[in-house]
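Asks: Here's the letter readout for the chains.
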Amino acid sequence: MADRRFSVRHLPGVSGIALITFVVLYTPVLILVIYAFNAGPVIGRWEGFSLRWFTAALENAAFRNAARNSLIVASVAGLVATLCATLAALATTRGRRFRGEGGIYLVLNQPLLVPEIVLAVALMILLAQIKQATGYHGLGWLIIAHSTFCIPFAYMPIRARLEGMDLTLETAAMDLYASRFYTFRRVTLPLMAPGVLAGFMLAFVISLDNVVVSTFVKSPGQETLPTYLMGELRRNLSSEIYAISALLLFASVAVVAASWLITRRKP
Amino acid sequence: MLEVQSLSKTFGIGASAYHALRAVDVTIAEGEFFTLLGPSGCGKTTLLRLIAGFEQPTAGRLVLDERDIAAIPPNRRPVNTVFQNYALFPHLSVAQNVGFGLEAQRRPATEVKARVAEMLDLVQMGHLRDRRSSELSGGQQQRVALARALAPKPRILLLDEPLSALDLKLRKDMQTELKRLQQETGLTFIFVTHDQDEALTMSDRIAVMEGGRLQQVATPRTLYDDPANRFVAGFIGDTNFLQGEARGGSVTLAGLPPAPLAGANARSGPVTVLVRPEHVVIGHSVPQALQVEGRVERLVFSGTDTHVHLRLGQGETLVARTQNSLHSGTALEQGAAVNAFLPLEALRLLPDEAAHG
Ligand SMILES: Nc1ncnc2c1ncn2[C@@H]1O[C@H](COP(=O)(O)OP(=O)(O)OP(=O)(O)O)[C@@H](O)[C@H]1O
Ligand SMILES: [Mg+2]
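Those protein sequences? They're chains A and B, same order as listed.
At position 228 of the first sequence (counting the first as 1) the number is 228 in our numbering, and the numbers step up by one without a gap.
At position 6 of the second sequence (counting the first as 1) the number is 273 in our numbering, and the numbers step up by one without a gap.
Bear in mind the hints are in silico, worked out from the structure with no lab data behind them.
Positions of the beta carbon are idealized from the N, C-alpha and C atoms, including for glycine.
A few of these clues could be false.
Unchecked claim - Computed spacing ranges between beta-carbons, pair by pair:
hint	chain 1	residue 1	chain 2	residue 2	range
1	B	G405	A	R94	50 to 60 Å
2	A	S7	B	E385	53 to 63 Å
3	A	F6	B	S275	19 to 29 Å
4	A	R94	B	E378	29 to 39 Å
5	A	M156	B	E385	43 to 53 Å
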């Protein structure tokens, strides 16, 4: 008995609480996914399996437009955020401490420091002026806004990856006549790549399901998937919304699972 | 030929400054197997990193082939390193690792290919050329690291405790192999270790370091037979230190008749005399020797030898090493009174420490 180490699992009731938590977290999502495949239009009454709501959604031009916007914003904002995060991670894990290093953390923690709604309102006020002045009402504003709050999410896996990397590898490359750039291209970059990819995917997902900032920043008539869903919900609660939500869910799960698989892979 | 001229390295500044190297002076000859030996923290790695160019000297010069190389960055120094943890690139294959240095120099692909094959043959790793380097055993990684450092044909190969991560058996094999490689290639090796046996068996010359200073630079034989100071004598092999008095060209050890010793002429006053345990003779008299009386305090069996710890009349201890051969005479017993003989030839007068700082 003496050698049985303490484990929280052996405390009475812990597995029960875990089970309840699991059920509470996933039951609503499960119900949503199930009813997305319902043949009938009424929620709560199962009328058999069908893909009709998915077909309807895909034929809906407004949905297709929102989906296209969401994918563009998430991809471009994800790329921009990943680039900034990669540079920030390299700066904070490689080389000496430098003046302004604190500034990087200020940038990285902005989403934690500033409540999202405050950021959204601030962006709306500022961008309203700029939009009027420039006359540009495209997706660019959404992309800029999304890029900012995606940076920290992209930064985390990249930094973790860089910290796990052996610094003598870069020293060894330099010893073997590699220039700084060659070292980066042949050693640092390939070794940090899984972290960068994971960072991008995380940023992508975060951007994909953002509602608050998108709602305040988007120009009239512009919709992303989440804002489109919000709008539709106010009008009518149809099973098509369930199907669209399910699609969004599948996309997120696929990206997160992929990023998890990539980061888990050994160097 | 590499000349290290009053090379110093200080980490930090002001009160927290740490002098890792203090005015190191040494010349390493062409094709030499040169070993840096010393306790942990004495500055071995620091000296190696300075030669490789990973650190800048605080003072002094590094002259390779009559050229000061201190200002040349590491990626342009004709010097390669075998790192202690090997530092193989985990995402590259064995062959790609070995070819890295040549590719970084933009050598033609055919040359790279030929040289990689040659190097892999040299370290007997040809059959694993496409293996990921992260999927190799310790000994195999060691060979690849060696091949990778040799491939660009450096002027000097630096090896920082390359064998310390291997188990004893493999270490012995790799010692032989390293020595063979060094002799076959005729390359200058600067080898770091804190294992004195490794240093003694492999090196042409050894530099014993302590506290950022070179204590003595000499062949293994000279280091062992004529240590320059007490630190070297104590660090290399086992030894007995006996206190004595020098006067008129001879040395008197407590309670014994004066004995003429080499170097005693120039000295007067208290001195330390050194005698290696294997030179102490117990049980039968030898000519030209000092005779001391003692009592066997402890017997330590170590396979081929027995270490006999004697308590001398004056309270000093003396360790003798006797071989456990079949004809080594009557066995000694604890508590027995014995006569031990110290051959004059084997007695070394340690130089005056004060005069050497
Ligand atoms: N970058 C550094 N900054 C500050 N001090 C350092 C630095 N590098 C080395 N030192 C100090 O210099 C001294 C010599 O270090 P070095 O690594 O050369 O020792 P070593 O002889 O290689 O020891 P070991 O056998 O343990 O590897 C140590 O006391 C170490 O703490
Ligand atoms: Mg070291």
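Asks: All the hints need checking, so say for each whether the structure fits it.
Replies: Structure-based check of all given hints:
| no. | hint | verdict |
| --- | --- | --- |
| 1 | G405(B) <-> R94(A): 50 to 60 Å | violated (28 Å) |
| 2 | S7(A) <-> E385(B): 53 to 63 Å | holds (56 Å) |
| 3 | F6(A) <-> S275(B): 19 to 29 Å | violated (53 Å) |
| 4 | R94(A) <-> E378(B): 29 to 39 Å | holds (32 Å) |
| 5 | M156(A) <-> E385(B): 43 to 53 Å | holds (45 Å) |
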